[in-house]
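Visitor: Each chain, letter by letter, is given below.
Protein chains: 4
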Amino acid sequence: MNASIDFDRRLYREDIRGSIAYAKALEKRGILDRNECRAVVDGLLVIEREITTGAFDFRVEDEDIHMSIERRLFEKIGAAAHKLHTGRSRNEQVVLDERMHLIEACESIYEKMLFLSKALVDRAKEHLSTIIPIYTHLRKAQPVSLGHLFLAYCHALERDRERMKDFQKRLRVLPLGSGAAAGSSIGIDRNQLLKELPFETLSRNSIDAVSTRDFIMEFEFICVLIGITLSRMAEDIIIYSSEEFGFLDLPDDLTTTSSLLPQKKNPDSLELIRGKSARVIGSLVWILTLMKGTPYTYNRDFQEDKECLFDTIDTAMKCSAVMTEVVNGLRVNGERVEEALGRSGGTLFATDIADYLVDKGVPFREAHRTVGELVRFAGERGIDLKDLTIEQYRKFNGAFEKDVHGLFDYIGSVNRHDVVGGTALKRVAEEIKRMENKLEKEIQAKNAR
Amino acid sequence: MNASIDFDRRLYREDIRGSIAYAKALEKRGILDRNECRAVVDGLLVIEREITTGAFDFRVEDEDIHMSIERRLFEKIGAAAHKLHTGRSRNEQVVLDERMHLIEACESIYEKMLFLSKALVDRAKEHLSTIIPIYTHLRKAQPVSLGHLFLAYCHALERDRERMKDFQKRLRVLPLGSGAAAGSSIGIDRNQLLKELPFETLSRNSIDAVSTRDFIMEFEFICVLIGITLSRMAEDIIIYSSEEFGFLDLPDDLTTTSSLLPQKKNPDSLELIRGKSARVIGSLVWILTLMKGTPYTYNRDFQEDKECLFDTIDTAMKCSAVMTEVVNGLRVNGERVEEALGRSGGTLFATDIADYLVDKGVPFREAHRTVGELVRFAGERGIDLKDLTIEQYRKFNGAFEKDVHGLFDYIGSVNRHDVVGGTALKRVAEEIKRMENKLEKEIQAKNAR
Amino acid sequence: MNASIDFDRRLYREDIRGSIAYAKALEKRGILDRNECRAVVDGLLVIEREITTGAFDFRVEDEDIHMSIERRLFEKIGAAAHKLHTGRSRNEQVVLDERMHLIEACESIYEKMLFLSKALVDRAKEHLSTIIPIYTHLRKAQPVSLGHLFLAYCHALERDRERMKDFQKRLRVLPLGSGAAAGSSIGIDRNQLLKELPFETLSRNSIDAVSTRDFIMEFEFICVLIGITLSRMAEDIIIYSSEEFGFLDLPDDLTTTSSLLPQKKNPDSLELIRGKSARVIGSLVWILTLMKGTPYTYNRDFQEDKECLFDTIDTAMKCSAVMTEVVNGLRVNGERVEEALGRSGGTLFATDIADYLVDKGVPFREAHRTVGELVRFAGERGIDLKDLTIEQYRKFNGAFEKDVHGLFDYIGSVNRHDVVGGTALKRVAEEIKRMENKLEKEIQAKNAR
Amino acid sequence: MNASIDFDRRLYREDIRGSIAYAKALEKRGILDRNECRAVVDGLLVIEREITTGAFDFRVEDEDIHMSIERRLFEKIGAAAHKLHTGRSRNEQVVLDERMHLIEACESIYEKMLFLSKALVDRAKEHLSTIIPIYTHLRKAQPVSLGHLFLAYCHALERDRERMKDFQKRLRVLPLGSGAAAGSSIGIDRNQLLKELPFETLSRNSIDAVSTRDFIMEFEFICVLIGITLSRMAEDIIIYSSEEFGFLDLPDDLTTTSSLLPQKKNPDSLELIRGKSARVIGSLVWILTLMKGTPYTYNRDFQEDKECLFDTIDTAMKCSAVMTEVVNGLRVNGERVEEALGRSGGTLFATDIADYLVDKGVPFREAHRTVGELVRFAGERGIDLKDLTIEQYRKFNGAFEKDVHGLFDYIGSVNRHDVVGGTALKRVAEEIKRMENKLEKEIQAKNAR
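Protein chains in written order, with the numbering used here: chain A, 5 to 453; chain B, 5 to 453; chain C, 5 to 453; chain D, 5 to 453.
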């Protein structure tokens with residue numbers, strides 16, 4: 005049970021990069037001489053290649069990735085291999101590796117999320133003036149721009165990315181030099197290590213450095229929120245692409261059919277995204293419960309921090325990528341959307357009519373009551389609100405004038421929601437622009453690196 | 005089941021402040037005239053007093069706090085009360101109230117955490133040169149400054165506070181003006197609202213504004229991490245104050261005794277802190293699971309977001325405050341600490357001896373082996389390492405010289421861990437200074453407000 | 005923070021009943037004389053009335069319900085009140101109270117679930133021959149009896165009830181007599197206590213008796229599964245009652261409308277049921293995480309076991325009751341169901357056609373391919389499968405004969421699923437009978453008590 | 005993302021056994037002829053061997069284990085392979101396989117737990133009369149038999165096993181014959197299937213059969229409780245084996261030392277057991293959250309039910325086995341235990357003295373006060389309670405007589421807790437006997453199979 009080599013081997017690159025930096029610092033400190041240092045570095049690079057190419061012979065008795073590499077290095081270069089561990093503890097080494105692994109994972113996930121956001125903005129642009137009914141309580145509420153809905157997802161993802169960014173300053177803290185718990189006893193030059201490795205600051209308390217796993221917990225949480233964003237999007241798209249709603253068609257390669265029922269397109273990819281968000285929540289609970297139960301400083305319980313972490317990294321990557329494909333591949337079924345709008349018998353304009361009355365000076369509450377009565381009246385007779393005559397309108401409230409029939413226009417209704425963040429088309433267009441610029445800048449910056 | 009008035013009444017201040025701002029915006033927009041606006045504002049202020057003083061008559065049939073206040077306002081000022089709801093939706097109102105409530109809660113929790121950190125720094129200062137054994141795997145590992153341990157907790161709390169700060173930019177986003185989901189249809193001036201209310205930016209997508217609860221989830225998570233920090237501290241202190249460890253004595257008013265066993269001081273406060281962190285984890289899972297299961301936009305499931313939120317606020321406040329009392333009231337039992345150091349028969353100096361040998365040119369791995377043999381040798385004979393003669397030392401390795409006996413000094417050992425973040429007393433002193441300055445600046449800034 | 009009187013007062017009846025039984029055992033043991041015992045019992049009964057009627061004066065300084073009652077009893081009867089605590093510990097008293105409270109709560113929840121199951125069976129009976137499309141992946145799959153779906157929920161609830169029953173043998177274990185941890189030191193007659201109190205067996209290890217809270221964890225879990233059953237039912241009904249599906253209409257008093265949109269019936273009750281299942285999951289995690297972190301025996305962390313427990317009891321009660329109302333009040337919209345069946349253009353008969361071919365000797369895989377081609381062919385031409393001519397059928401496979409048109413009958417299709425547990429009407433009818441008998445027996449047994 | 009073959013291949017045996025039974029039922033039903041059936045059965049058995057020996061070629065494009073085996077069977081025997089799927093759905097096949105896998109896993113875990121319980125009873129027997137202080141709040145409370153503590157763990161494990169047993173009646177329900185959701189359409193003989201496969205009853209509702217995963221959730225929960233039992237035991241043993249407590253020594257092969265610090269025996273195995281219980285809690289939350297979010301019937305989210313299940317099976321197996329080794333290998337350090345008892349200065353007899361006074365007719369509350377004063381008096385003077393003179397005793401209460409000094413005997417004290425479940429040695433011995441008999445019967449029954 006003690007061996008972790010089956011899963012922590014995934015950290016081999018980080019372990020090797022960390023050891024190379026440490027070897028150089030040992031050389032500066034006079035513990036390795038020039039030749040020894042070179043032998044260590046070269047040996048480690050060879051081992052990295054061996055592992056990458058699958059030539060490395062992992063053994064259970066090595067227990068973990070640190071020992072595996074140490075053992076192999078000794079086979080290759082002899083005694084100098086052991087000097088590499090002078091003044092260094094497993095306790096600090098494992099968090100070094102984990103932090104480095106996470107730094108890279110965050111970059112990748114962040115990028116995947118940029119692409120997903122970009123896909124959404126593109127579709128928002130395309131469907132700026134496609135009007136759909138928006139739902140509250142899974143009941144049609146008001147007409148909005150479909151672009152506005154796509155942007156709504158973008159905003160959630162924007163905050164998800166922002167959390168990932170904020171997290172970096174806590175993640176990119178170099179623990180190396182913390183020893184087992186009391187700090188390096190050989191006066192290693194931590195600033196040199198900092199220069200060699202992809203960190204921004206030094207940890208400033210050795211006990212804390214080996215005791216905390218809050219960087220894993222925070223990462224897990226950020227991915228949980230990504231998972232929830234994606235799960236709710238998936239839920240929407242599953243419902244909207246059902247035969248009964250029919251607003252969206254899913255791309256064939258993201259659905260599953262049977263040879264028997266070729267017309268039944270099951271939204272498997274989206275269901276998996278929805279399901280996988282539960283998995284990430286499970287991993288978060290795992291690490292939280294794990295850490296809650298431990299005293300300071302290092303405890304072997306912490307070995308259990310890795311599998312949930314790796315699993316979450318992979319899940320976040322996969323789900324973001326698949327959702328991007330879904331968004332890119334969605335087809336909007338305009339006919340069905342219009343049908344749905346039409347089927348609501350004009351009740352989607354209820355707030356417009358009420359606002360109209362308020363504008364004519366009718367007190368708010370009375371306006372509401374009037375509209376309620378109108379809706380009921382029309383509903384019972386199976387007449388569409390827009391087909392009631394002006395005389396019928398007036399029976400309910402004398403404030404109605406002929407222009408009431410001008411209200412029954414979806415674009416007009418949408419455009420009356422004309423505030424920052426509202427669904428008026430020009431507001432949505434502005435927001436698309438803003439979001440697009442921001443994303444492009446970020447994508448360019450990524451590519452520049 | 006639908007009524008939420010039993011718990012959401014806690015939001016009355018926020019609801020009233022929000023409504024006052026909205027009334028002013030309605031006046032500007034021409035929907036309320038000057039007198040109506042004044043009547044609304046004055047009425048609301050009276051209602052606020054009524055609720056604060058307990059004179060308000062809550063009724064289940066009002067269902068929620070928004071309705072309660074609306075109903076009462078109508079009783080007081082008549083029709084103008086209803087106009088207040090022109091163009092405003094419950095969907096946006098509830099998140100407005102929640103966000104405002106959280107803004108204040110964050111301030112209070114943050115302050116409590118500052119005080120706790122300050123208490124720790126004070127104790128760290130006092131115990132800079134108290135040497136204790138630090139534990140890994142609940143086994144004595146190395147001597148460190150007790151101040152260094154206190155600072156370790158401070159560092160964890162510093163990150164907890166930092167997360168709270170980062171969170172503000174996502175929290176202080178004004179949702180008012182989002183309507184039911186499509187945005188205000190009456191062209192309310194959102195920038196005016198922003199000026200009146202304690203927010204920093206406007207939400208920029210109305211669907212997102214009423215659909216998301218990520219601000220609650222993030223808050224819950226931040227408090228979970230605070231809970232875990234406090235739980236682990238509590239665990240440490242419970243163990244250290246056990247009769248068997250005996251390093252710490254708890255203040256009488258934070259322990260419980262029985263009339264029968266006056267000497268048995270149960271660490272109830274700490275156990276409750278430890279237990280309450282489980283409660284906060286439960287609340288986080290509650291809100292995560294809740295949100296994961298919902299499509300966009302608003303769903304009534306969201307009513308269930310409040311009790312876990314309020315409970316977490318109260319728990320975070322209480323636990324931080326109690327832990328501060330614990331830290332302030334702890335007595336360090338120097339005698340027992342020294343006894344514990346002494347009992348380890350010098351093995352706490354094992355790394356010092358190994359480092360000594362490495363410095364004398366002995367290869368690292370050989371040095372380690374030598375020390376291992378020495379420890380075993382001394383252990384079997386029941387001799388303290390420091391009491392072995394130089395001849396005995398030399399039997400194990402010729403590199404030992406007389407100065408080896410100079411190693412057996414705790415302060416000396418501690419001071420050899422002389423790197424940034426190490427336990428060398430001057431390093432700890434520096435870090436205390438840095439932390440103290442930072443905290444004082446923050447506390448002053450708080451007080452200035 | 006230490007006081008629990010705000011929530012544990014809920015246990016007053018159990019505390020008093022337990023104390024009465026203990027007083028009698030003390031009398032038998034000779035520690036209370038006859039008069040003292042009578043005074044204690046009478047005093048406790050008066051206190052019970054005081055609390056029930058709201059006349060009792062709870063004080064924070066009493067800390068918990070045990071102390072409150074003890075203090076009041078002393079005020080009433082003097083010294084004998086204190087004797088009541090001879091040889092009894094708070095550690096055993098609290099689990100006694102909790103177990104007794106749970107025994108009653110289980111009875112009530114069980115009963116509520118019986119009623120819900122009964123409601124489902126009644127509706128199943130009524131809709132035995134209403135044919136609906138059943139969904140997999142939220143896509144129409146096959147025609148089934150609506151009664152069959154209602155029974156599916158019943159089966160899940162049956163297992164939920166069964167778990168509750170199995171749990172009783174672990175719950176109804178009397179801890180009284182366990183002392184603080186070592187067992188009663190005054191030789192109290194535990195068998196007498198067992199006779200006086202609603203338990204079935206004696207706990208057989210005093211350390212275990214005060215250390216475990218597995219009875220709370222198991223109860224929480226059982227309620228979580230009930231919550232998930234109800235949440236999934238709620239999800240189904242929310243979707244089926246959407247305008248787009250339209251199969252079900254919700255009773256007015258379980259939906260919410262606005263004065264503005266009287267036609268928009270929001271399924272608030274169901275959304276709350278769905279949401280509240282998250283709450284119960286949160287409570288389960290709370291107690292699991294709490295217990296995981298503690299050593300044997302009693303720790304004050306355990307004080308935190310009560311609020312989650314009480315909350316879960318109330319939630320399970322409420323949700324079961326509301327769901328029963330929903331089930332009783334649902335109206336099935338036969339027209340919309342038929343429309344939905346019709347809209348699928350005969351593809352719901354795809355498996356029937358394939359089975360037909362297999363019966364004519366066509367190999368399974370070929371039959372499947374043929375049907376796939378037929379569905380595609382018909383779909384592209386917008387023809388219903390049942391409207392294809394026999395010549396068209398034969399073009400795809402020579403095995404088709406005229407009787408193929410006899411397949412297109414929903415009842416016929418349903419009846420071909422003629423196995424135990426299948427949707428053939430006679431199978432469903434049998435199962436309704438079986439379930440009905442079982443429920444009636446249980447309900448009668450309940451009423452008999 | 006859709007492929008599950010990487011993990012569901014673990015179900016190959018179950019899938020093959022299920023298919024063999026199904027082939028035989030198809031033969032009886034006349035869909036396979038005798039030769040075809042034999043070919044299918046033989047082919048499947050060959051495939052089973054191929055997989056077991058590692059000769060099987062898994063391909064990602066097969067997606068899952070069902071498809072992999074189907075594909076291979078077709079390669080081997082041609083067309084008859086396809087007939088095997090007549091009237092069978094993936095939806096029922098996957099739950100069949102999962103249930104069968106779980107039936108076997110439960111057997112194995114149950115057995116491991118029997119062995120652990122047996123180990124505990126053996127140690128209890130051995131240490132029946134070893135007296136240790138038992139802790140509440142991690143503070144010494146009373147003397148008890150160490151055997152009594154070992155039995156306490158046994159009782160928790162007994163309930164854990166009992167839950168596993170209760171679960172079987174819900175687990176061993178055969179879903180085969182449920183089709184995609186509506187039940188088999190080819191009239192397969194489900195009772196024949198039941199005879200061929202390790203189940204006890206038939207599922208009685210096809211929709212329920214493919215929709216529910218409560219058997220996975222219940223299994224996860226049972227393992228969570230096992231995990232919590234083991235975690236709390238681990239916590240106890242970690243603390244008791246610390247140098248400061250020193251009651252227990254861990255076997256060398258279950259601890260980790262470093263070459264540097266051979267005396268520092270880290271309890272890694274126990275820390276991992278403690279940590280792994282968090283992992284199982286995570287898996288439970290995973291599956292709960294997953295299921296809560298889905299409507300009836302089958303959804304692809306369910307693919308995510310397997311990895312958490314497999315992980316929990318493996319974890320429960322490993323942790324039980326390791327804990328058994330720990331229990332078997334523990335050494336009790338009698339000297340340190342006695343020292344701990346002695347160090348408490350007689351205060352462990354406080355309840356004995358109070359009981360003594362009560363027996364002499366002193367009212368309970370006065371007795372308590374007296375003892376409290378005595379303890380304080382002795383504590384302040386550093387005198388052991390047993391060393392106070394009779395005159396000193398009498399100063400506090402005239403009821404003391406010379407026999408008070410007879411109280412200070414640990415065995416005597418323990419034996420005064422003489423009730424069912426108490427720590428009196430004869431009570432513990434009885435309970436050991438009872439538990440031993442029960443376990444031996446169960447183990448014999450296992451072995452007989």
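Calculated from the structure, these hints are not laboratory results. One should not assume that every hint holds.
Where chains are identical, the list cannot tell them apart; a pair therefore holds if satisfied intra-copy or between any two copies.
As the list claims (entries may be wrong) - Here are the simulated EDC-like pairs of lysine to aspartate or glutamate, each with C-alpha atoms no more than 16 Å apart in a straight line:
1) 169 - 204
2) 390 - 377
3) 169 - 395
4) 116 - 162
5) 87 - 370
6) 390 - 440
7) 445 - 115
8) 364 - 407
9) 173 - 66
10) 169 - 256
11) 173 - 257
12) 32 - 363
13) 122 - 329
14) 87 - 363
15) 450 - 363
16) 87 - 40
17) 399 - 370
18) 28 - 256
19) 173 - 162
20) 445 - 162
21) 437 - 342
Visitor: Hint by hint, say whether it matches the structure.
Guide: Evaluation of the provided hints:
no., hint, result
1, 169 - 204, "within (13 Å within a copy, 20 Å between copies)"
2, 390 - 377, "within (15 Å within a copy, 45 Å between copies)"
3, 169 - 395, "neither (60 Å within a copy, 59 Å between copies)"
4, 116 - 162, "within (12 Å within a copy, 31 Å between copies)"
5, 87 - 370, "between (86 Å within a copy, 10 Å between copies)"
6, 390 - 440, "neither (38 Å within a copy, 50 Å between copies)"
7, 445 - 115, "within (13 Å within a copy, 38 Å between copies)"
8, 364 - 407, "within (11 Å within a copy, 67 Å between copies)"
9, 173 - 66, "neither (34 Å within a copy, 44 Å between copies)"
10, 169 - 256, "neither (35 Å within a copy, 45 Å between copies)"
11, 173 - 257, "neither (40 Å within a copy, 40 Å between copies)"
12, 32 - 363, "between (79 Å within a copy, 15 Å between copies)"
13, 122 - 329, "within (12 Å within a copy, 46 Å between copies)"
14, 87 - 363, "between (83 Å within a copy, 12 Å between copies)"
15, 450 - 363, "neither (50 Å within a copy, 46 Å between copies)"
16, 87 - 40, "within (9 Å within a copy, 68 Å between copies)"
17, 399 - 370, "within (14 Å within a copy, 66 Å between copies)"
18, 28 - 256, "neither (54 Å within a copy, 37 Å between copies)"
19, 173 - 162, "between (18 Å within a copy, 12 Å between copies)"
20, 445 - 162, "within (14 Å within a copy, 32 Å between copies)"
21, 437 - 342, "neither (27 Å within a copy, 46 Å between copies)"
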